[in-house]
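**Student:** Sequence:
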Amino acid sequence: MTILVQILFSFLATAAFAILTNVPRRSLLACGLVGTAGWLAYWVCVHYGGSPAFGSLLGALAVAVFSNFASKKMKMPVTIFNIPGMVPLVPGAIAYQAIRSFVTGSYEMGMQSAVQVVMIAGAIALGLVLSEVFNHNIRSFKEKRDLVAANRQKEWLRRRKKPLK
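In terms of full-length UniProt numbering, the sequence shown opens at residue 1 and continues consecutively.
Keep in mind that a hint or two might mislead.
[Stated by the list, open to error] In the DSBU-like style, the derived pairs of lysine-lysine whose C-alpha atoms are separated by at most 30 Å in a straight line are:
1. 142 - 75
2. 144 - 73
3. 154 - 144
[As the list claims (entries may be wrong)] Derived DEER-like restraints, expressed as beta-carbon distance ranges:
4. 138 - 50: 25 to 31 Å
5. 77 - 16: 16 to 22 Å
6. 21 - 154: 43 to 49 Å
7. 74 - 129: 35 to 41 Å
Since the hints were made in silico from the structure, they are not lab data.
Just so you know, even glycine gets a beta-carbon here, dropped at the ideal spot from N, CA and C.
Please model the entire structure based on the sequences and the hints provided.
**Tutor:** See below:
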């Protein structure tokens, strides 16, 4: 039952934020699914003993990968899916705890929470950057491969048109 609640609320949170940021209506379902995929990657990692920072890294990678698929399928910019998809991963409750601890004078607890927030935020940023690097390398490899294939075909056609002596 708990996994269904996780799926439902991660979808709703992502779709609601997508509505707030005025994404096109036809992309709302895909935005919700992207956010759900990222949250599920995070939840599975943390549920099976991983750290929240590592879970956030995996979640950010999942969001970035699914955002690229959605953007290509729907022919829309990737940021339409990336930004709302990251909402379930944002460590808002921990950041609130950090500030609350500082205000109430629990500086040690505040520092622990603040460090955890910074680690999670860094993991989210790293996940997005790594995904973009991989996508750029894959795109570059495909372009080079296509260029080599086109040059080979031109060379083959040029040789074929030459008369044999």
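**Student:** Hint by hint, where does the structure go against what was stated? Just the numbers, ascending.
**Tutor:** 7
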